[in-house]
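Starting from the given sequences, assemble the full structure and let the hints guide the process.
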Amino acid sequence: MKKEIIIKQLGFVLLLNSVFLFISFLISFFLHETSTIALLFSALICGIFGIFPLIFVERTEHIGFDEGLTIVVFGWIITCIVGMLPYLMWGSEFTLANAWFESVSGFTTTGSTILNEIESLPKGLLFWRSATHWIGGIGIILFVLLILPQSKGQQITVYNTEISSLSKMNFRFKARKIVQILAIVYISLTLIETVALMLLGMSFFDAINHSFATIATGGFSTKNLSIAAFNNIGIEIIIMIFMILSGIHFGLIYGTIMLKKENLFRSSLAKTFVLVLFIGILLVSLKLNLSGKYDFWTSLRYASFQVISLGTTTGFATEDTANWPIFTQIILIYFTIQCAMSGSTSGGLKFDRLYIFFKLIGKQLKMLKHPNGVFVSKFDGKRIDEKLEQNTLVFIVLYISVFFITTLILTAMDIDGMTAFSASIATIGNVGPGFGNVSSFGNFSSLPDLGKFVLTINMLLGRLEIFNILALIMIKK
Amino acid sequence: MKKTLKLKIFASFMLLIAMLAVAGTISIAEFRWLSNSVHGLIQDNYKSIEASKSMIEALEREDSGILLLLLGEWEEGREILKSADSLFISAFMTAKNNLTEQNENEYIEKIDASYKIFKSGWELPIVDTDKQGNISWYKDDIHKKFEATKFVVNELMSLNQSSMYNEVSELKEKSKRAIMPGIVSIIAALVFSLILNFFITRYFINPLSELAEAVDNFRDGDYNLQSNITSNDEIKKLEQSISDLLQRIVNNSNKIKQ
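Residue numbers (the numbering used here), protein chains in the order written: chain G, 1 to 477; chain E, 1 to 258.
Misleading hints may appear alongside valid ones.
What the hints assert, rightly or not - Below, in silico cross-link-like pairs of lysine to any residue (SDA-like), each with a Cα-Cα straight-line distance of 20 angstroms or less:
#1 E:6 with G:204
#2 E:150 with E:89
#3 G:3 with E:204
Said to hold, decoys possible - Here chain E is said to cover these stretches of chain G; the calculated rule only asks that three of the stretch's residues, wherever they fall, bring their Cβ under 8 angstroms from a Cβ of chain E:
#4 45-54
#5 90-103
If you're looking for bench data, these hints aren't it; they were derived computationally from the structure.
What you are looking at is a predicted structure, and each value in this text was computed from that prediction instead of being measured.
Heads up, the beta-carbon is just placed ideally off N, CA and C, and yes, glycines get one too.
See below:
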């Protein structure tokens, strides 16, 4: 493994961070905020460490799988470390554990926060907080590859690591083209949402921050009450539309816009994903209404937003779900586990795996009836590889094991069951809010530092997919 | 531009120096600001708090002086009142000339008005008048004026105290912010040194060792100078020079043999 190549690529990752830190610094500088120096110094450190490897390492040749995997995993970890610098240097609520938590939560697009008073944060820091989502959303590595004048082969290997292997099932574009597609769709969606939110009365600053968080399926808001602070149904509808779009394979969106064969309307996976969301909305709305919590339209309004927000792993809120009937909470927990589609910016288990899992259950049921029969699971007329089915099963078991262990660790710290369980699922799924003390309007500040650290490991495992981390450990061995 | 080893090492140290210089400058600037803030804190709020304390002390002495006058102790009573009045005016002027908080002027004006009313009550003769020994006058009139003035002075003191408390909390946060660039740059410099050490070993020490090994091989009879130097810098130049030199030695030796 060529270490110098890895260091050089990590340098590019840091340079990208440095650009966003510098923009955040400019905001703070022009608004005469207390975070100016913290942001400037962080941008400088990031920039210096980004430029440094470029001095020594000559133009790099082919990057192998091992190097690609190391770049992706370490790229994320290093980004999270430098991402916490401005928080740590600014201080206030940001202790070392809190700064690390907020940074990891941002870059992994989880959206869980430790902040009690979000609105008291300087605007420069608020922008940096949202920018961490945006950078994390598309995957820093993927982004850096766009600006690197490198070989095609190199992009393919790193891309394979960054995006869940399942995301390739729908598309057989060349990797370089996929990188471009993702970037175009990502930037366009951000801009369109920003304009739409501004037209509905949001300020430019709030609109851009919420767009960053929506498109990255993050969930950091500039308001203590999240989207509820705006109390504007138009804004909620726009955000819901963009949350769904961000939870769908970006290539499908591109295909739809470009009137290609592989588009949203032809993908059974996308259609099932949206259908499941609608069923969830319907069930939650009915229960909220029948239990006398709200009238029908209010129930529909809150249920739609919460189901879509959690079902796409975004984590915005318009109502505190901690007080909702347990039936609705269990449905919301299901969506927290399910997560969105591969090839989107969401993390966690991913809807695709559950889709394969349920197809597999169907196959097994048929085998019970006809033990000697040969059955094949199909997806849009194509055969699902048995190896993929096996990998999916192993992944689901590993995924459940991780959040079970995390829940156990948290309860050992005397954290109540609901908080521990939902915090574990919400972090490994990169969703954000859970229930109990960490509900939609709550935050993670009350958890012990060790608990916060455990949850950040969950976030990274969810974002990088457990297999990649395991593969890296195996390579190191 | 050709990236020579000299340029690479120079650029690396320049980056390190730039980082430390900026960290140092920021820390110095922050500490200077901190020092100015502490100075300002003493100058601003502490001065007003001390002035308020003096005003309260003066008011209480004046109250004692009034009681003495009620008892018919004219000389002693007037002397206390005179010195206390002088102390009050001096402290009041200090507070008046040290307006640092928002709305502080309103408190000063209130104190001024209230004290004038209180003073007008004891400036007129008390001994040998109907006021001497008149506890009702003391309780219902002059003492209430005394209490009212003291209350406004206390309000001024509270304003400055709470402001001082807020500023101290802010200073605590600021001092942390002043230290952070130093801590971060120390850690960053350590990481930087480790990476620099890696690059120097990879691009300087290893090629030299390979070159030395190749020369050793030549000495042992392997006339093919082989090294894997890929960089385009001084080391590559050295490799070519040694290669030329050894080639010449081989040629000369062949000529001598012929």
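These are the hints, each one checked on the structure:
Simply put, residue 6 of chain E and residue 204 of chain G have alpha-carbon atoms about 48 angstroms apart, too far for the 20 angstroms limit, and the pair is violated. Among the hinted pairs, residue 150 of chain E with residue 89 of chain E is consistent with the structure: their alpha-carbon atoms are about 14 angstroms apart, no more than 20 angstroms. Simply put, residue 3 of chain G and residue 204 of chain E have alpha-carbon atoms about 16 angstroms apart, close enough for the 20 angstroms limit, and the pair holds. Counting residues of the segment 45-54 of chain G whose C-beta sits closer than 8 angstroms to any C-beta of chain E gives 6, which meets the bar of three, so the coverage hint holds.
Given as covered by chain E, the segment 90-103 of chain G passes the check, having 3 residues with a CB less than 8 angstroms from a CB of that chain where 3 are the minimum.
In this structure, the one hint that does not hold is number 1.
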